[in-house]
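Q: The residues making up each chain are set out below.
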Amino acid sequence: MKRRDFLKSAGGIAVAFSWSVPTVRAQQAARPALPGSLGTNRMLDGWIRINAAGTITVFTGKCELGQGILTALTQIAAEELDVAYERVEIVSADTARTPNEGMTAGSLSVENSGTALRLACAEVRQILLGLAAAKLGVAVANLSVSDGTVTGAGSVTYWDLAREANLEREASAQAKPKPPAQHTIVGRSIPRRDIPAKMTGGAAFIQDLRLPGMVHGRVVRPPRYGARLDSFDETKVKAMPGVIAVVRDGSFLGVVARREEQAINARLVLIGSAKWSGGSELPDPGKLYEQLMSLRSEDRVIAEKDAPVPAGATVVEATYHRPYLAHAAIAPSCAVAEFKDGKLAVWTHSQGVFPLRATIARALGLEPSDIRCIHAEGAGCYGHNGADDVAFDAAMLARAVNGQPVRLQWMRDDEFKWEPYGPAMTMKVKGAVAGGRVVDWAFDVWSQSHNGRPGDPDGINLLGSWYLADAKRPGPARHAAQPNGAGDRNAITLYDFPRQRTTHHLIMDNPVRTSALRSLGAYANVFAIESFMDELAAAAGIDPVAFRLAHIKDERERAVIEAVAKAAAWKPGEQGDGRRGRGIGYARYKTVATYNAVIAEVEVDRTTGIVKVPRIWTAADAGQIINPDGLTNQIEGGVIQSTSWTLHEHVRFDRNGILAQDWMNYPILTMPDVPSVETVLIDRPNERALGAGEAAQGPTAAAIANAFAAATGRRIRELPLTPERVKAALAGQT
Amino acid sequence: MAISLKVNGVTRSVDAEPDTPLLYVLRNDLELNGAKYGCAMTQCGACTVLVNGAARRSCVTPVGSIEGNEVTTLEGLGTLDKPHPLQKAFIDEQAAQCGYCASGMIMTAADLLNRNPQPREVDVRAALAGNLCRCGTHNRIIRAVLRAAKGAA
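Line order of the protein sequences matches chains P and B. Under this note's numbering, read the first sequence as residues 1 to 734, first letter to last. Under this note's numbering, read the second sequence as residues 1001 to 1153, first letter to last.
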C-alpha cells in the first residue's frame, strides 16, 4: 500500500502529507468545564467537518486497538447528526489532524471521546438547523432531518449549508443529545467497518504500510536489563548483502538493510558478535513474592471504615499472588519512521500519539512541532506493549538514513523479552464473619508500577533511550488516585462491610520492567477479593452467590449477579464432585465502570493436574449499549484472555535474565481448550455508557479459582493454576 | 537471483535469494497483505498460506523450494466483491477483534474444508490448534468455519 492510499484508508480522506499542526488557541481563564474530552479540546471544528461532497468527517484522538472503537464512535456521531452511518468518515489519532485525547486506555474511549462527539455533533446539528430555518423561513421546531436533508417548507441539505456553517468556535455543550428512545443507530449491532478488509487481504495494519523507497530495520537488545555493549563486528555486518547502515549509540544497536530478510540476517550476525557486560540481576523466581515485598515501598491507606468486631467472630486469613504477565500480541510491535530535513514522521500503533511525540522529542532533542505521529493499527493491544519503544527504535534508525523510510518490526523474542509486563503482585487479606455477615476486612496489596508509559514529565519512558550514550531514565513509580487506581485498581471492596481497611504498598523499585496490562491491578485484586469471599462464605456455611447478594445493596450490582446465576442455572449450595465444579466472580470495574459477573465450570484431571474450563457464563451491565455485538465481543474476549492468564501464563525468568522468548515458553490458551461463553447483556439505555473492555479480567480469574475449590475442596491462591500447583494442592501441600 | 512463482494463479518473477522465507517475498515483493509475520517459528500460524491446496507456514518455507508449485494467499481465496465462503462467513460472524490472526485462521480452515467439507466443531478446534488468537475471538472463528461448511453443503 502506498502512503497516500494508506492515509486514505486509515484516515477517511486523502490529504497530502503535511506538517500543519492544529492551531494552538489561546487558553482563556475561567471557562466553563465541558464534559468528556470537550474539556480539553473545546473547538467544534476540531471534532467535526461537514463536507460539500455529502460526507461528514469526525476526528477522534482515540485509536482502534482491535476493540471496534471507531465503529462505536462513528455510530454516536451519525446518530446525533441524523445522517446515515455510511456518510461518516472517522479520522483517528494523528498529531497533525486530531484532538489530543492522551492515551486510548482504561476503557475510557466511549466515555471521553464518545461524550465529546455526542455533544459536538448535537451542537453542530443545532447550528445547521438554525441556518436551515433562516434559509427556509421556518421555525427550527418545524424542521425535520433525514440523512442530512432538512425539511420544512422546502428542503436544504447539510452539504448545502456546509459553507455557511461556522464551526470554528468553542463548543457550549448546551445542545441536548437525542433521548435514547429515539436512537436508530446507537444500540444496534452495526458490523465493524474494518473487518471486510482484514478478511480479504486489504491494507489494514501498520505492518501493511509500504512507503516509496522504504527499507527495513532490526534492533539488537542486550542479554539482560541494563547490560552495556562493549564491542561487535561492524565490518562483517557492513559487508553483508543489502546492509545500508549499522547504528550504534552507546548500547543501542540496530541495522538497516534494503530487504527485510537481509536486516534479519544482519541482526543475527550482530547478536553473534556483540559482547556485553554488566546488567542487573533479577529476583530469585523461587522467592519472587517475598523479595518484591521486601523492596522499598510507598504505603497508603486508601480506604478505612471502623466498627467493632463482635466477640466470637470466625477469623480467616489468606495470601494470594499473581505473576508477571506478558501482553503477547500475535504481532510483535512495528513502526515506520521517516526522517527528512530535520523533521520526523512516525507511523505507530501506540495508544497515545501525542504523549509519544512529546517523549520522542525529549529523547532525541527535537521540537514536538518537528515530529508527526500517526496512528496505524497493530495487532490486538491489551495495554502498554512494545509499540512506543519500537517507534523510538525506528526513529533512531531513520535518523541514520535521512530521507529513507524505515520499517522496523521487532522479532518475536524482542517482544517477549523487552515489553513491559503486567506486574507480579501479592494480596494479603484478613477477614471475619459472624452471623453470616462479614464483620471485618483488611486488604493489603503490594505491586510494582502499572504505569511506565511515555508522557511522564519526570522521565523518558522509551526503552531504547535508556541505552543511548547519553542515557535517559524512566520516570518514577507513582500512586494513581482512586477510584481508578493502578496497582490498587479495584482493591477497595465494593461489598457493604461495616469495618474495612485497604492499604496499597506501591513498590518503588523495578527489578523487572512493568507497565499497564489490561485492567492493571484489578485482575489480581478481584481474584483475591472474590476468592476470599468464597473462603468467608465457606466459613459462614453460606452459598457463594447468596453470600455476595447479602452484602450488596446496589440494584445494578445485584442484577448482574442474579443474571449470571440465572443464565448458568446456579443451584444454591451446589457442590463439586472432586473433578467438576463451578464458581462465581464479580466486580464493578474500577468501581465506576462496567458491572460484570462470571460463572466458570472447571474440569480437573487429578492425575495430570491439568485444569480445563469447558464453559463460562457472564453477565454485564455497561450502561447504555452503543453496539451490542461489539460489547459482547469485548466481554467474551476478556473472559477468554483471562482464562488463558489464569490457567497458563507467567513470564519465566532466572537471575540472569528473562527466559520468555516465544510461544513455547510463554504458552497461551489454544483453540481446543477455549471455553464456550454465554454472555448476557443488561442494557440501560438511560444510563451513561461505561467502559467495558477490561471488565471481565478479574471476575473470570476468581470464578475459575473458586470453581477449582468447589470441584476439589482445595484452594489455589497463586496464579496461574499450573499442573504442578494443582497436584500439590490435591496432595494437601498448599 | 530470479525465482519464478505461481501465486494466486498468476506467475510472478521475484529477485530474491532462494533461502528467503516465502513470507517476506509475498509481503514485500508481491505486496500481498494476507500472510502475516507473527513468530517466524511455525508456532502461531499467522503466516499460513496454501501450497498446492495444503496449509503451509510461509515463515519457514524457503521461496526456492516452492518454484513450480501453486501458492494461494488470502487474496487468492476471494475478494471484497467476491469473497470465498470462509471470508464471507468470517465477516458475517464478525469473527475478529484485532483480526491479525484471521488470515492464518482462514487459510488453515480452507485446508480443513478441502480435506473434510463437513467438519464437526471438535474437528475445527483440532485443525486450528496451531493457530493462536490473543483477543479471545476463538468461538466466533469456530462458528464462522462451521457456517462456511454449512453454506457449502
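Keep in mind that the hints were calculated from the coordinates and are not lab data. Just so you know, not all the hints are guaranteed correct.
What the simulated footprint calls covered on chain P by chain B, stretch by stretch (three residues with Cβ under 8 Å from a Cβ of chain B suffice, anywhere in the stretch; the number is not a length) [to be verified]:
id: 1; stretch: 251-257
id: 2; stretch: 364-371
id: 3; stretch: 401-412
Take a look, some chain B residues computed to stay more than 12 Å from chain P by CB distance [to be verified]:
id: 4; residue: Asn1008
id: 5; residue: Val1010
id: 6; residue: Thr1011
id: 7; residue: Ser1013
id: 8; residue: Asn1033
id: 9; residue: Gly1038
id: 10; residue: Gly1053
id: 11; residue: Glu1067
id: 12; residue: Glu1070
id: 13; residue: Lys1082
id: 14; residue: Gln1094
id: 15; residue: Ala1095
id: 16; residue: Ala1102
id: 17; residue: Leu1113
id: 18; residue: Thr1137
Here are a few chain P residues that sit away from chain B, every Cβ distance over 12 Å (derived from the structure) [unchecked claim]:
id: 19; residue: Leu65
id: 20; residue: Arg210
id: 21; residue: Met214
id: 22; residue: Ala311
id: 23; residue: Tyr495
id: 24; residue: Gly578
Just so it is clear, the structure is predicted and the values come from calculations on it, not from any experiment. Ideal placement from N, C-alpha and C gives every residue a C-beta, glycine not left out.
Q: For each hint, tell me whether it holds in the structure or not.
A: Now for the hints, and whether the structure bears them out:
1. 251-257: Coverage by chain B is violated for the stretch 251-257 of chain P (0 residues, Cβ < 8 Å).
2. 364-371: violated (count 0)
3. 401-412: holds (count 3)
4. Asn1008: For Asn1008(B), whose nearest Cβ neighbour in chain P is about 10 Å away, the distance does not exceed 12 Å, so it is violated.
5. Val1010: holds (14 Å)
6. Thr1011: holds (19 Å)
7. Ser1013: holds (16 Å)
8. Asn1033: violated (4 Å)
9. Gly1038: Per Cβ check, Gly1038(B) is inside 12 Å of chain P; nearest 5 Å; violated.
10. Gly1053: holds (18 Å)
11. Glu1067: holds (17 Å)
12. Glu1070: holds (17 Å)
13. Lys1082: Non-interface label fails for Lys1082(B): nearest chain P Cβ at 10 Å, not farther than 12 Å.
14. Gln1094: At about 6 Å from chain P, Gln1094(B) fails to clear the 12 Å cut-off, so the statement is violated.
15. Ala1095: violated (8 Å)
16. Ala1102: violated (6 Å)
17. Leu1113: Correct as stated: the minimum Cβ-Cβ distance to chain P is 16 Å, above 12 Å.
18. Thr1137: Answer for Thr1137(B): violated, closest chain P Cβ roughly 6 Å.
19. Leu65: Its Cβ does come within 12 Å of chain B, the nearest being 7 Å, so this is violated.
20. Arg210: The claim is violated: Arg210(P) sits with its nearest Cβ about 6 Å from chain B, within 12 Å.
21. Met214: violated (9 Å)
22. Ala311: holds (48 Å)
23. Tyr495: Holds: least Cβ distance 28 Å, greater than 12 Å.
24. Gly578: For Gly578(P), whose nearest Cβ neighbour in chain B is about 25 Å away, the distance exceeds 12 Å, so it holds.
Taken one by one, the earlier hints fail for this structure at numbers 1, 2, 4, 8, 9, 13, 14, 15, 16, 18, 19, 20, 21, listed in ascending order.
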